[in-house]
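Note that the protein sequences, when read in sequence, are chains Y and X. The numbering used here applies: residue 1 is where the first sequence begins, and numbers increase by one. The numbering used here applies: residue 1 is where the second sequence begins, and numbers increase by one.
Simulated from the structure, these hints should not be mistaken for lab results. All values derive from a computational prediction rather than experimental measurement. Ideal placement from N, C-alpha and C gives every residue a C-beta, glycine not left out. Warning: the hint list may mix true and false statements.
Which chain Y residues stay away from chain X? Per the calculated CB distances, all over 12 angstroms, these [unchecked claim]:
id, residue
1, D4
2, I21
3, V64
4, I67
5, T69
6, R71
7, E95
8, N98
9, E130
10, E207
11, D213
12, D221
13, T230
14, E233
15, V234
16, L263
Computed Cβ-Cβ distance ranges for the label pairs, DEER-style [to be verified]:
id, chain 1, residue 1, chain 2, residue 2, range
17, Y, N206, X, L130, 40 to 48 angstroms
18, X, V138, Y, I21, 25 to 33 angstroms
19, X, V111, Y, A14, 15 to 23 angstroms
20, Y, F179, X, Q148, 56 to 64 angstroms
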Amino acid sequence: MDPDYLKTNGIRLAVALMTGILLILSDGMGWIDPVYSAGNYIAAPIAYWSNRAVIGVENAVGTVLQIGTLRSENAELIVENSKLRAELGKLREIERENDILRSQIGIELTKGWKLKKSRILGLDTYGIAEHVIIDTGSDDGVSVGNVVILGDLLIGEVREVYASTSKVRLVSNQHSNIFAIDQNTRAKGLVRGSLEGVVMEDVLENESLNVGDVVITWEDDIPGGLVVGTVSEVVEVPTSSTKKAFLETGFSLEDIDYIFVVLEFS
Amino acid sequence: MRTVIIIIAGAMITALLNFALSSQGYVNLVWVAGLAVIIADFELAGIVFMVLAGFLFDVMVLGNVGITSVSAAIGAGVYILAKGFGVTDRIWQSVLWVLVALMASFAADAVLETLLSDRHLSLDLSGYWLRSVAVNAVLVGITYAVIQGIRRRAGRNTSVRL
Numbered sequence: 001m002d003p004d005y006l007k008t009n010g011i012r013l014a015v016a017l018m019t020g021i022l023l024i025l026s027d028g029m030g031w032i033d034p035v036y037s038a039g040n041y042i043a044a045p046i047a048y049w050s051n052r053a054v055i056g057v058e059n060a061v062g063t064v065l066q067i068g069t070l071r072s073e074n075a076e077l078i079v080e081n082s083k084l085r086a087e088l089g090k091l092r093e094i095e096r097e098n099d100i101l102r103s104q105i106g107i108e109l110t111k112g113w114k115l116k117k118s119r120i121l122g123l124d125t126y127g128i129a130e131h132v133i134i135d136t137g138s139d140d141g142v143s144v145g146n147v148v149i150l151g152d153l154l155i156g157e158v159r160e161v162y163a164s165t166s167k168v169r170l171v172s173n174q175h176s177n178i179f180a181i182d183q184n185t186r187a188k189g190l191v192r193g194s195l196e197g198v199v200m201e202d203v204l205e206n207e208s209l210n211v212g213d214v215v216i217t218w219e220d221d222i223p224g225g226l227v228v229g230t231v232s233e234v235v236e237v238p239t240s241s242t243k244k245a246f247l248e249t250g251f252s253l254e255d256i257d258y259i260f261v262v263l264e265f266s
Numbered sequence: 001m002r003t004v005i006i007i008i009a010g011a012m013i014t015a016l017l018n019f020a021l022s023s024q025g026y027v028n029l030v031w032v033a034g035l036a037v038i039i040a041d042f043e044l045a046g047i048v049f050m051v052l053a054g055f056l057f058d059v060m061v062l063g064n065v066g067i068t069s070v071s072a073a074i075g076a077g078v079y080i081l082a083k084g085f086g087v088t089d090r091i092w093q094s095v096l097w098v099l100v101a102l103m104a105s106f107a108a109d110a111v112l113e114t115l116l117s118d119r120h121l122s123l124d125l126s127g128y129w130l131r132s133v134a135v136n137a138v139l140v141g142i143t144y145a146v147i148q149g150i151r152r153r154a155g156r157n158t159s160v161r162l
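Here chain Y stands alone, though its shape is the one from the complex (with noise of 0.2 angstroms):
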């Protein structure tokens, strides 16, 4: 044991946690405001362009390793490319029905709205899909509520603002909370993220959820008729007087460079 050692570090230790703790104080006083908004506005280049790098050298690893399997499924890829073609025309057809649908139970689309593009710098630290940053902030109007949005898919919501930043909560962040209604059999719940994905929940035991299904927003604090996912799984549990599906998003916030903030709705 060497009782010097233990004391010098242990002094410095000391200063440094409650060096933490101060900023941690003064983060809650939000005397560190200031600091997030210039500090941001000289990282978020550098910030988003190391990042776009790293998804970049993970991307070109990744598909060099799976040098054996793209040919195989290169080859899959090409049948159904062509089945799809074939079911292109029946969609469009459905898509025109859809917009008549939309209009008759009065949702609205995003067009004529006002959006910001913004760029995402940076996603969560525990790579767990709860937050995203954004490179725009209240100079250029965001503010606290706002959704995010991109085309018809919901994004999330802005949560901070700062003067040229801000934080997104998204979808599957675990307190979300999204009322939203099955698009096919208009069963409504709450959409929230949970460790084992999106998931849609407190859907009444009578009302009924199909696989494939796409959900969307149900109008409340936040536009109605955005896609929040589609049914990828029904659970239903016999004790419980609801029932619960998981949802697919169907975007990876790795592959998207720009999301919009909704700024005004009408």
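Chain Y is fixed; fit chain X onto it per the hints.
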């Protein structure tokens, strides 16, 4: 003065790289680099580096500033305590205490995140954390080897007992 510049530059680069790797989730370069520097007997530089890099990283991710610094300091404290009691002299002992230090950092980070942010971290994530600890420990070893390589070129004694 040169040391101060190296620490500040290293903290900035580490925070940026850590931010870029944030989508991976497994890796925390602040803990990795800080622990490697402490293992290489630069305790003061390692502690200062961890606090500074942790602060810069938290600012970039708009997270609760201070959490990464505190969790890094706790992990460093575990290793320094073990070193002070002389149980890190051999490589296998050092590896063991690096793993314990990283687990302490993860646990501290999880508790602080749960208390101070809207993230809810639970024991259900323990499998994920164990994988993360293993990956980070490997990176600590690699970083330490790089530091030792640099020291050898500078002509310092770097004997190691197995």
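Each hint tested on the structure:
Once the 12 angstroms rule is applied to beta carbons, D4/Y is inconsistent with being away from chain X; the minimum gap is 9 angstroms. At roughly 7 angstroms from the closest C-beta of chain X, the C-beta of I21/Y falls inside 12 angstroms, breaking its exclusion from the interface. Distance to chain X confirms V64/Y as a non-interface residue, since its nearest Cβ pair spans about 18 angstroms, more than 12 angstroms. Against the 12 angstroms criterion, I67/Y stays outside the reach of chain X, whose nearest CB is about 22 angstroms from its own CB.
Distance check on T69/Y: its Cβ is at least 23 angstroms (rounded) from any Cβ of chain X, clearing the 12 angstroms threshold; non-interface status holds. Against chain X, the non-interface label of R71/Y holds: every CB pair exceeds 12 angstroms, the least being about 28 angstroms. Interface exclusion of E95/Y from chain X stands, the closest Cβ pair being 33 angstroms apart, more than 12 angstroms. Its beta-carbon lying about 33 angstroms from the closest one in chain X, N98/Y satisfies the requirement of being farther than 12 angstroms from that chain.
Interface exclusion of E130/Y from chain X breaks down, the closest Cβ pair being 6 angstroms apart, not more than 12 angstroms. Distance check on E207/Y: its Cβ is at least 28 angstroms (rounded) from any Cβ of chain X, clearing the 12 angstroms threshold; non-interface status holds. No beta-carbon of chain X comes within 12 angstroms of the beta-carbon of D213/Y; the shortest separation is about 28 angstroms. No beta-carbon of chain X comes within 12 angstroms of the beta-carbon of D221/Y; the shortest separation is about 17 angstroms.
With 12 angstroms as the threshold on Cβ separation, the claim that T230/Y sits away from chain X holds: the shortest Cβ distance comes to roughly 23 angstroms. The beta carbon of E233/Y is kept farther than 12 angstroms from every beta carbon of chain X, the shortest such distance being approximately 19 angstroms. In this structure V234/Y is separated from chain X by more than 12 angstroms, as the shortest Cβ-Cβ distance comes to about 22 angstroms. Remark: the non-interface label on L263/Y is consistent with the geometry, its nearest Cβ contact in chain X lying 20 angstroms away (cut-off 12 angstroms).
A hinted range of 40 to 48 angstroms for the beta carbons of N206/Y and L130/X is consistent with their spacing of about 43 angstroms. Between V138/X and I21/Y the CB atoms are about 31 angstroms apart, so this pair conforms to the stated range of 25 to 33 angstroms. Here the CB-CB span from V111/X to A14/Y is close to 19 angstroms, well matched to the stated 15 to 23 angstroms. Taking the beta carbon of each, F179/Y and Q148/X are about 57 angstroms apart, inside 56 to 64 angstroms as hinted.
Violated hints, in rising order: 1, 2 and 9; the structure is consistent with all others.
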